[in-house]
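Enquirer: So you can see what is in the structure, the chains are spelled out below.
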Amino acid sequence: MNARITALLVACTGAPVFAADTPSEEQPISKYLVDVNGGSVSAAGIINLDNSAVRTIQTAQDFALALKPFSSDDSKAGVGISFTPARTELVPVAGSSYYDHPVVRLLSNLTLSYAQNEIDIGDATYRQRGYSVDTWYYFDRDQDPAVAYSVAWSRCAKDTREQNQKALAGLSRSDPDFDKKLQEITANRGKLLGDCADNAVANMARWNAAKASISYGDGRIARQGTGERFGLGRRITLNALVGIGDSAAVNLTVQRVRDGLDPQ
Amino acid sequence: MTIVVNARNIQVGRPQQVTLRDRSGAHTELTLFVESLPPIGTAFDYHAGEFDAPMSLPAGQYHCRLFVQAYHYTANKTLTPAYDVECLIDGQWCANAKGALKPGSSAGGAGDFVLTVV
Chain G
1 MNARITALLV ACTGAPVFAA DTPSEEQPIS KYLVDVNGGS VSAAGIINLD NSAVRTIQTA
61 QDFALALKPF SSDDSKAGVG ISFTPARTEL VPVAGSSYYD HPVVRLLSNL TLSYAQNEID
121 IGDATYRQRG YSVDTWYYFD RDQDPAVAYS VAWSRCAKDT REQNQKALAG LSRSDPDFDK
181 KLQEITANRG KLLGDCADNA VANMARWNAA KASISYGDGR IARQGTGERF GLGRRITLNA
241 LVGIGDSAAV NLTVQRVRDG LDPQ
Chain P
265 MTIVVNARNI QVGRPQQVTL RDRSGAHTEL TLFVESLPPI GTAFDYHAGE FDAPMSLPAG
325 QYHCRLFVQA YHYTANKTLT PAYDVECLID GQWCANAKGA LKPGSSAGGA GDFVLTVV
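Which chain is which? The protein sequence lines are G and P, in order. Note that this note's numbering gives residue 246 to position 246 of the first sequence, counting from 1, and the numbers run on in steps of one. Note that this note's numbering gives residue 329 to position 65 of the second sequence, counting from 1, and the numbers run on in steps of one.
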C-alpha cells in the first residue's frame, strides 16, 4: 500500500513572540495571523500554481469569466477557480439554517477549487490539473465569525431602528416620489447599518476559537502528445485548532498523501 | 433595488394579533403601519423568527402598509441572505415578500392592504 503520513505538526504560538518587535505597544497575535488553518490543500498548491492566478467565483458573471480560459486547451498560462457555493447568489443559505444546523454550517463553508497549468520538464511539455475540496467547522457556533459578527451587528441595528421608523412614517403613497424616497430611506438605513457592520468586525469571535477543518485534493500530470499520465498524489488533511487563553493556540495538522509523484 | 411586497385585503375579528415572520433569517426589518397608529416593527437579523404584537382595533376599515427592508452585511460575505418574510393578522397572511439580495446591497419595498375589522 503506497501510503504515508507526510506531516504531523504541532505548533504553539503566543503574543510574547512579537514582544521584541513591538516594545512600546504590544499587539495581540490575531493582528498578525492571516490564516490559522494549517496545511490545507488547494488545487493551486497541488500543481504549484501561484494563488494570484486563482479566480474566486461569487456571481454567475464570475462563472462565465472564470470558465473562459478553460475553453482553450492551447493556453499555457496557469489558471484556477475557487468556488464556495454558499457565498454566491446561486446557492443562498438562510442565516437561521446556518445557525441551527451543524451540517448546514459544514456545507456552507465548503469550497471547491480547480487549477491547471503547463510545465516544461526537459524537452517535454506536461499539462497539470488539480482539484480540491475543503471545509471547516467551529465547535462553538457562537464563536463562528459569521455568527459572532451577526450578533454584534444586530445589537447595533436595534439601537438605531427608531430613526428608520420615523422616516418611514413620513412617507405617503400619494407622493409621486414614494418609491424613490423609500429607496433613499433604505439606502440611508443601509449606510447606518454599514457603520454597524464596520463596528461589528471589531467584535468578531476570538481569533483562536476552536475549530476543525478537512481538505482533500488530487492532481494529474499528462505529457502532451503521448497520452502518458501520472498522479500528483491524493492528499487528505485534517486540522484542528484549540485556543489557549486570548493569545495562544495549538494547531494540529495531519496530512496523508497517496500515490504522490514529484515531477521535478 | 426594490422589493416587491405582495399584499391582500383581509377581514378579522376583535381583538387582533399581528405576526411578523421571517422564514429565511436574513437581515430584514419589517414595519407595519395601521393608519395613524404607532408602527409595529421588528428586525430579524440572523435567526428566522416570529414577532407577535396584540392590537385591539374597533370595527371598521383600516388602510395598512407593510414596509420590508433587507440588507446584506455578513462577515466575509459568508452567507448570501435570502429574505422570506410575511405579515399575518389573526393567522391570515396580508403581505409577504421573498427574494435574494446581491452581496453588500440593500433593498426596500412596501405593500398596501385594507384591514376590515368586524
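Please note that the accuracy of each hint is not assured.
[Unchecked claim] Restricting the straight-line Cα-Cα distance to at most 30 Å, the calculated cross-link-like pairs of lysine-lysine (DSSO-like) are: (1) G/Lys158 <-> G/Lys180; (2) G/Lys191 <-> G/Lys181; (3) G/Lys166 <-> P/Lys362; (4) G/Lys191 <-> G/Lys180; (5) G/Lys180 <-> P/Lys366; (6) P/Lys362 <-> G/Lys181; (7) G/Lys158 <-> G/Lys181; (8) G/Lys166 <-> G/Lys191; (9) G/Lys158 <-> G/Lys191; (10) P/Lys366 <-> G/Lys166; (11) G/Lys166 <-> G/Lys180; (12) P/Lys362 <-> G/Lys158; (13) G/Lys180 <-> P/Lys362; (14) P/Lys366 <-> G/Lys158; (15) G/Lys191 <-> P/Lys366; (16) G/Lys181 <-> G/Lys166; (17) P/Lys366 <-> G/Lys181; (18) G/Lys191 <-> P/Lys362.
[To be verified] Pair by pair, the computed Cβ-Cβ distance ranges are: (19) P/Gly324 <-> G/Val103: 45 to 53 Å; (20) G/Leu107 <-> P/Asp376: 34 to 42 Å; (21) P/Pro318 <-> G/Gly170: 24 to 32 Å; (22) G/Ala248 <-> P/Lys366: 35 to 43 Å; (23) G/Val254 <-> P/Gln356: 21 to 29 Å; (24) P/Lys366 <-> G/Ala240: 32 to 40 Å.
[As the list claims (entries may be wrong)] If you want the footprint, here are the derived chain G segments under chain P, 3+ residues with CB under 8 Å: (25) 113 to 120; (26) 161 to 167.
Honestly, the hints are just simulated from the structure, not real lab data. Just so it is clear, the structure is predicted and the values come from calculations on it, not from any experiment. We put the beta carbon where it would ideally sit given N, CA and C, even for glycine.
Enquirer: Going through the earlier hints one by one, which of them does the structure break, listed in rising order?
Expert: Those not satisfied are hints 23, 25.
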